[in-house]
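Asker: One letter stands for each residue in the lines below.
There are 2 protein chains.
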Amino acid sequence: MMNLIYTGKTKDVYELNDGNYLLKFKDDVTGENGVFDPGANTVGLTIEGAGRAGLKLTKMFFEKLKEDDIPTHYVDANIEEATMTVIPAAVFGKGLEVICRYRAVGSFLRRYGMYAEEGQPLDAFVEITIKDDERQDPPITEDALSMLGILTKDEYSVVVDLTKKVAGVVKEALCTKGIELYDIKFEFGRNNKTGEIILIDEISGGNMRAFKEGKYIEPLLLEKLMLEE
Amino acid sequence: MMNLIYTGKTKDVYELNDGNYLLKFKDDVTGENGVFDPGANTVGLTIEGAGRAGLKLTKMFFEKLKEDDIPTHYVDANIEEATMTVIPAAVFGKGLEVICRYRAVGSFLRRYGMYAEEGQPLDAFVEITIKDDERQDPPITEDALSMLGILTKDEYSVVVDLTKKVAGVVKEALCTKGIELYDIKFEFGRNNKTGEIILIDEISGGNMRAFKEGKYIEPLLLEKLMLEE
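The listed protein sequences correspond, in order, to chains S and R. Okay, so the first sequence: first residue is 1 according to UniProt numbering, each after it adds one. Okay, so the second sequence: first residue is 1 according to UniProt numbering, each after it adds one.
In isolation and in its complexed conformation, chain S is listed as follows (with noise of 0.2 angstroms):
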C-alpha cells in the first residue's frame, strides 16, 4: 500500500506504510524539441529504459557518498522496479536547485558571457537558482535566501560546502573513465526526523554536463560508460 503524493517530470514520488518514501524513475528527460537539456524546465523526450539506467547512476553515486559519510536521503534502490526509497525530507522554500560548475557553459555563460569565455575553468564554483519554472529558474544571492527565509546563511554555508563535496566525487568517478564534469546540479533539503541538511534527488546523467576528447556525452552514454565494468 503506498499512496502517489507528487508527480514530478522525471519521477512520481510515494509515501510508504513505513513513512520513508519512494522514488519511481520515469522514462522522461528533460529538454526543448526533442533535445535533451539537464537545464530545460521541459520534459523533451522519453527514451525506454533511462529511468533504470539513471536509477543505477543514483545508487552508485549515493552508495559512494554513503562511504564518504555524505548525508544523503538514500535508503536502498530496486532496479528491475526503477524505484528507490528515501529518507523524507523538505525542499527549502518551494525547491531550490544547487549548481556546481567547472567550466562555463549553460546558464552561467548566457549570464556573465561578458566577463568568462565558453568552456572557461571554474573552480567549482557553486551557485543557487529557484526552482520556477515560470520565472526561468532565477539565480539568487545568499542575502535573498536568507531576507526571504529560504535558507539561513548558517544553511548557505552547508549547502556550498556539501555540493563542493559531492561534486567532487561525481567529477573523480568521471575522471577515471577518462570524462570530465563542466557542471552538476543537485537538490538539498532538511531530515524531516533530524533536520539534517541532506542531498535528495538523484545523481544520473540528467543532473550533469560531461565530455569526452572534447565531445559532450549524453546521459544514456554516461551512465552506460560508468556502469561498465
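I should point out that these hints are in silico values taken from the structure, not numbers from a laboratory. It is possible that some hints are incorrect.
[Claimed, not checked] Here are the simulated EDC-like cross-link-like pairs (lysine to aspartate or glutamate), alpha carbons at most 16 angstroms apart as the crow flies:
{"#": "1", "chain 1": "R", "residue 1": "66", "chain 2": "R", "residue 2": "196"}
{"#": "2", "chain 1": "R", "residue 1": "164", "chain 2": "S", "residue 2": "18"}
{"#": "3", "chain 1": "R", "residue 1": "165", "chain 2": "R", "residue 2": "123"}
{"#": "4", "chain 1": "R", "residue 1": "153", "chain 2": "S", "residue 2": "142"}
{"#": "5", "chain 1": "S", "residue 1": "153", "chain 2": "R", "residue 2": "48"}
{"#": "6", "chain 1": "S", "residue 1": "153", "chain 2": "R", "residue 2": "142"}
{"#": "7", "chain 1": "R", "residue 1": "153", "chain 2": "S", "residue 2": "143"}
{"#": "8", "chain 1": "S", "residue 1": "193", "chain 2": "S", "residue 2": "68"}
{"#": "9", "chain 1": "R", "residue 1": "131", "chain 2": "R", "residue 2": "97"}
{"#": "10", "chain 1": "S", "residue 1": "56", "chain 2": "S", "residue 2": "161"}
{"#": "11", "chain 1": "S", "residue 1": "165", "chain 2": "S", "residue 2": "67"}
{"#": "12", "chain 1": "R", "residue 1": "9", "chain 2": "R", "residue 2": "37"}
{"#": "13", "chain 1": "S", "residue 1": "9", "chain 2": "S", "residue 2": "123"}
{"#": "14", "chain 1": "S", "residue 1": "59", "chain 2": "S", "residue 2": "196"}
{"#": "15", "chain 1": "S", "residue 1": "164", "chain 2": "R", "residue 2": "143"}
{"#": "16", "chain 1": "S", "residue 1": "56", "chain 2": "S", "residue 2": "213"}
{"#": "17", "chain 1": "R", "residue 1": "66", "chain 2": "R", "residue 2": "76"}
{"#": "18", "chain 1": "R", "residue 1": "26", "chain 2": "R", "residue 2": "48"}
[What the hints assert, rightly or not] What follows is a set of in silico ranges between Cβ atoms, one per label pair, in the way DEER data are often shown:
{"#": "19", "chain 1": "S", "residue 1": "32", "chain 2": "R", "residue 2": "15", "range": "44 to 54 angstroms"}
{"#": "20", "chain 1": "R", "residue 1": "47", "chain 2": "S", "residue 2": "136", "range": "50 to 60 angstroms"}
{"#": "21", "chain 1": "R", "residue 1": "216", "chain 2": "S", "residue 2": "91", "range": "54 to 64 angstroms"}
C-beta atoms are modelled at their ideal positions from N, C-alpha and C, and glycine is treated no differently.
With chain S fixed as given, assemble chain R onto it according to the hints.
Answerer: The following block gives chain R in isolation, referenced to the frame of chain S:
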C-alpha cells in the same frame, strides 16, 4: 580645452586639463516607449530641463554625503552649464549597478515573485547587477564577482556598507518631504589615484523609485518636490 572621452545614455564625460572629469548632464532619460523606467536600458524620452533638475538633486545629495564623510567622486557642480566636476575613478569590471531595496518591486519582484508580494517591505536589501544591456543586466553573487575578478570579497563588503549608508541618507531626505523611497541604484568605482572605493555617477530621480501617498512620483516631480524650500 577638454576631450570628450565617453558618451553615455544620460551623460557625456569630458577630461579636464587638471586631470578631473566633467560630466555633462543631458535631457535624455531611460525608459521604454516614451515611459520613464529607471531600470530600463534604453533612452525612452527627452524632457526639457531634465538634465539640470537631475544635477541639482545630485549636487544636494553629494554635498550631504560629504558632510557625512561618505566618499564620492564629487568636486563641484555648475547648474547653468548642467555640468559636474568629479574625481576620475575606474568602474569595477565593465560597470556594476548596486541596488538597495526597501520594497519588493521591479526586477526583484520579476525574479522572486514566488517568495515576495508586490510592495512587501525589504530591509535595505542590497543586490548587484552587471551592466550588460545585451544580457539584460543579470544579477551576480559575491562569489561570482570574486571569481571573475570583478570585485574582491573585501571590496564587496565595502560596497554593500556604503550602499546602505548612502541609501539611508536619501531615504531620510525623501521622508522629510513625505516621500517614501522604494528602491535606488548606485554606481561605485575605485579612485584612480588612491584606489579608495567611492560613489560615482549621480543621485537623481532617474536612479530611484519613490512614492507619495501610494502614488509613484516621476523623476522631474521628485526633483521639484525635493528642491523646493
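Asker: Does each hint fit the structure? Answer for all of them.
Answerer: Each hint, compared with the structure:
1. R/66 / R/196: 15 angstroms, holds
2. R/164 / S/18: Answer violated: residue 164 of chain R to residue 18 of chain S is near 51 angstroms, above 16 angstroms.
3. R/165 / R/123: 13 angstroms, holds
4. R/153 / S/142: 14 angstroms, holds
5. S/153 / R/48: 48 angstroms, violated
6. S/153 / R/142: 14 angstroms, holds
7. R/153 / S/143: 14 angstroms, holds
8. S/193 / S/68: Roughly 22 angstroms separates the two Cα atoms, so the pair is violated.
9. R/131 / R/97: Satisfied, since the Cα-Cα distance of roughly 6 angstroms is no more than 16 angstroms.
10. S/56 / S/161: Given that 16 angstroms is the threshold and the Cα spacing comes to 25 angstroms, the pair is violated.
11. S/165 / S/67: 13 angstroms, holds
12. R/9 / R/37: With Cα atoms ~13 angstroms apart, residue 9 of chain R and residue 37 of chain R stay inside 16 angstroms; holds.
13. S/9 / S/123: 31 angstroms, violated
14. S/59 / S/196: 21 angstroms, violated
15. S/164 / R/143: Since the Cα atoms of residue 164 of chain S and residue 143 of chain R sit roughly 14 angstroms apart, the hinted pair holds (cutoff 16 angstroms).
16. S/56 / S/213: It is violated: about 24 angstroms lies between the C-alpha atoms, which goes past 16 angstroms.
17. R/66 / R/76: 11 angstroms, holds
18. R/26 / R/48: 9 angstroms, holds
19. S/32 / R/15: 44 to 54 angstroms: With Cβ atoms ~49 angstroms apart, the hint holds.
20. R/47 / S/136: 50 to 60 angstroms: 34 angstroms, violated
21. R/216 / S/91: 54 to 64 angstroms: Because 36 angstroms falls outside the window, the suggested range is violated.
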